[in-house]
Amino acid sequence: MLMIRAIIRPEKVGIVLSELSDGGFPAVTKMDVMGRGKQRGVKVGDVIYDEIPKEMLMIVVNDDDKDDAVKIIMKNAKTGQRAAFGDGKIFVSPVDEVYTISSGSNEL
Amino acid sequence: MKEVIAIIRMDMINKTKEALMLQGFPALNANKVLGRGKKKVNFALLENILSADDLTHPHDFASPAMAEAFSEGHRLIPKRMLSVVVKDDEVKSLVETIIEVNQKGKPGDGKIFIMPILDCIRVRTGETGELAL
Chain V
30 MLMIRAIIRP EKVGIVLSEL SDGGFPAVTK MDVMGRGKQR GVKVGDVIYD
80 EIPKEMLMIV VNDDDKDDAV KIIMKNAKTG QRAAFGDGKI FVSPVDEVYT
130 ISSGSNEL
Chain X
937 MKEVIAIIRM DMINKTKEAL MLQGFPALNA NKVLGRGKKK VNFALLENIL
987 SADDLTHPHD FASPAMAEAF SEGHRLIPKR MLSVVVKDDE VKSLVETIIE
1037 VNQKGKPGDG KIFIMPILDC IRVRTGETGE LAL
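Chains V and X, in that order, are what the protein sequence lines are.
Sequence positions in the first sequence follow the numbering used here and run 30 to 137.
Sequence positions in the second sequence follow the numbering used here and run 937 to 1069.
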């Protein structure tokens, strides 16, 4: 199993969540985060904002579903045709085991 | 080393913290998150609510306002996320403790994810590996 952590623009959360749901990934955890990227934040005049508010989505999927989920996030988190800096990043990491607390079973 | 990420009900955090403390896991990170699971709204139930236009009990479960709230579908629910990093051989007892405390047997009790951690560094001393845990 793999954990997908996507850091995206707050205004894109709605569309990404509903498209994920339609695409067969209903289970998602969302949290508020602050961060900066390779562009070192946003510079407005003399002020540099290097803690930009973003939302992090956390999804755990089976290995073969990873590409689907990533594709859905990529497609919907982009801004415009050409996309822009600050659209976000997606990180994928391995998950050894999963437990469902209500049943105690170790499956997704 | 493993990282155990548990997503549990909002009101279970104190009990869980206490149980983990007694089991010898005092160190943890906790976070407020929003999440949704596999379970969707029961549409059969929703239909019953929508067809019941009995306005004599406006605060009843069958009120149109309630039905509307339900029909928005897949909402995000507030949850607590715990993250604990432990040695490989402690994972089992940690998972068992979390399940024991949080299990009500209903959907929404939460999930536990176990992920590998390659290294760990204590900032104060610079120790690495399991020494730093």
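These aren't lab readings, by the way, just hints derived from the structure by calculation.
Hints may be right or wrong, so weigh each one.
What the hints assert, rightly or not - Within a straight-line C-alpha distance of at most 16 Å, the following computed EDC-like cross-link-like pairs (lysine to aspartate or glutamate) qualify:
{"hint": "1", "chain 1": "X", "residue 1": "1028", "chain 2": "X", "residue 2": "939"}
{"hint": "2", "chain 1": "X", "residue 1": "1028", "chain 2": "V", "residue 2": "125"}
{"hint": "3", "chain 1": "X", "residue 1": "951", "chain 2": "X", "residue 2": "1032"}
{"hint": "4", "chain 1": "X", "residue 1": "974", "chain 2": "X", "residue 2": "1045"}
{"hint": "5", "chain 1": "X", "residue 1": "974", "chain 2": "V", "residue 2": "96"}
{"hint": "6", "chain 1": "X", "residue 1": "1042", "chain 2": "X", "residue 2": "947"}
{"hint": "7", "chain 1": "X", "residue 1": "1023", "chain 2": "V", "residue 2": "125"}
{"hint": "8", "chain 1": "V", "residue 1": "104", "chain 2": "V", "residue 2": "51"}
{"hint": "9", "chain 1": "X", "residue 1": "938", "chain 2": "V", "residue 2": "96"}
{"hint": "10", "chain 1": "X", "residue 1": "1028", "chain 2": "V", "residue 2": "96"}
{"hint": "11", "chain 1": "V", "residue 1": "41", "chain 2": "V", "residue 2": "61"}
{"hint": "12", "chain 1": "X", "residue 1": "968", "chain 2": "V", "residue 2": "61"}
{"hint": "13", "chain 1": "X", "residue 1": "938", "chain 2": "V", "residue 2": "125"}
{"hint": "14", "chain 1": "V", "residue 1": "100", "chain 2": "V", "residue 2": "136"}
{"hint": "15", "chain 1": "V", "residue 1": "100", "chain 2": "V", "residue 2": "61"}
{"hint": "16", "chain 1": "V", "residue 1": "104", "chain 2": "V", "residue 2": "48"}
{"hint": "17", "chain 1": "V", "residue 1": "41", "chain 2": "V", "residue 2": "125"}
{"hint": "18", "chain 1": "X", "residue 1": "953", "chain 2": "X", "residue 2": "1025"}
{"hint": "19", "chain 1": "X", "residue 1": "938", "chain 2": "X", "residue 2": "1055"}
{"hint": "20", "chain 1": "V", "residue 1": "95", "chain 2": "V", "residue 2": "48"}
{"hint": "21", "chain 1": "X", "residue 1": "974", "chain 2": "V", "residue 2": "48"}
{"hint": "22", "chain 1": "V", "residue 1": "107", "chain 2": "V", "residue 2": "48"}
{"hint": "23", "chain 1": "X", "residue 1": "1023", "chain 2": "V", "residue 2": "48"}
{"hint": "24", "chain 1": "V", "residue 1": "118", "chain 2": "V", "residue 2": "136"}
{"hint": "25", "chain 1": "X", "residue 1": "938", "chain 2": "X", "residue 2": "1045"}
{"hint": "26", "chain 1": "X", "residue 1": "938", "chain 2": "X", "residue 2": "1066"}
{"hint": "27", "chain 1": "V", "residue 1": "67", "chain 2": "V", "residue 2": "125"}
{"hint": "28", "chain 1": "X", "residue 1": "974", "chain 2": "X", "residue 2": "1066"}
{"hint": "29", "chain 1": "X", "residue 1": "974", "chain 2": "V", "residue 2": "136"}
{"hint": "30", "chain 1": "V", "residue 1": "67", "chain 2": "V", "residue 2": "48"}
Which hints from the list above does the structure break, by number from lowest to highest?
5, 9, 10, 14, 15, 17, 18, 23, 24, 25, 27, 28, 30
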